[in-house]
Amino acid sequence: MPIDYGGVVVDFNFAPFDMLVVRASLGEAIEALAGAAVQRLPVTLAGQPNVFEILNICQRVPCVDEERSSYVRWTDADGRPDKVGQFRYFKRLRVDSALAQGHHLFRIAEWSIVPIASRQMKDVIERAGATGVAFEPV
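Residue numbers (the numbering used here): 696 to 833.
It should be emphasised that the hints constitute simulated quantities derived from the structure, not laboratory data. Source: prediction; values computed, not measured. Please note: incorrect hints may appear among the correct ones.
No more than 20 Å apart at the CA atoms, straight line, and that leaves these computed lysine to aspartate or glutamate pairs for EDC-like [unchecked claim]:
hint : residue 1 : residue 2
1    : K786      : D713
2    : K817      : E831
3    : K817      : D777
4    : K817      : E723
5    : K778      : E805
6    : K817      : D713
7    : K786      : E821
8    : K817      : D706
9    : K817      : E726
10   : K778      : D706
11   : K786      : D818
12   : K786      : D773
13   : K786      : E831
14   : K786      : E805
15   : K786      : D760
16   : K778      : E761
Restraint-style ranges between C-beta atoms, simulated for each label pair [unchecked claim]:
hint : residue 1 : residue 2 : range
17   : P776      : D818      : 14 to 24 Å
18   : Q743      : A772      : 39 to 49 Å
19   : A772      : E821      : 36 to 46 Å
20   : K817      : I749      : 17 to 27 Å
21   : A772      : E723      : 43 to 53 Å
22   : Q796      : G774      : 36 to 46 Å
23   : G780      : E821      : 35 to 45 Å
Glycine is no exception: its CB is placed at the ideal position from the N, C-alpha and C atoms.
Based on the provided sequences and hints, a complete structural model is requested.
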């Protein structure tokens, strides 16, 4: 896989199409908590030792809290009839914690752009000393 941007190598990266690329040791720590919710696929990055992998988040959880979120949906005027009515973007995303309970790393079923981590997963990633990742409460 080519590297599009130079600079400091970090443990947690987004590749095209919101694909996660992580250092293998971080993938191992994540899998220990997430289990079958993730797939770890070895990847060779140009100019880097073979210590990275694609982290495929397999789990989709329908858990958007529409009352507490602020969002825009696709409309006919947007020219994408295949997406009309779906979430286009969020100004403020809020997750219904009751629906997300027990899931440690997932994408939202209704808008699979961003990965969502439980507090326990956040702790795992922070304990691993991962670079390149930031958390925002949802």
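So, going through the hints one by one against the coordinates:
| no. | hint | result |
| --- | --- | --- |
| 1 | K786 - D713 | 18 Å, holds |
| 2 | K817 - E831 | 10 Å, holds |
| 3 | K817 - D777 | 35 Å, violated |
| 4 | K817 - E723 | 14 Å, holds |
| 5 | K778 - E805 | 11 Å, holds |
| 6 | K817 - D713 | 19 Å, holds |
| 7 | K786 - E821 | 26 Å, violated |
| 8 | K817 - D706 | 14 Å, holds |
| 9 | K817 - E726 | 13 Å, holds |
| 10 | K778 - D706 | 33 Å, violated |
| 11 | K786 - D818 | 26 Å, violated |
| 12 | K786 - D773 | 18 Å, holds |
| 13 | K786 - E831 | 13 Å, holds |
| 14 | K786 - E805 | 15 Å, holds |
| 15 | K786 - D760 | 13 Å, holds |
| 16 | K778 - E761 | 18 Å, holds |
| 17 | P776 - D818: 14 to 24 Å | 43 Å, violated |
| 18 | Q743 - A772: 39 to 49 Å | 44 Å, holds |
| 19 | A772 - E821: 36 to 46 Å | 43 Å, holds |
| 20 | K817 - I749: 17 to 27 Å | 21 Å, holds |
| 21 | A772 - E723: 43 to 53 Å | 46 Å, holds |
| 22 | Q796 - G774: 36 to 46 Å | 38 Å, holds |
| 23 | G780 - E821: 35 to 45 Å | 37 Å, holds |
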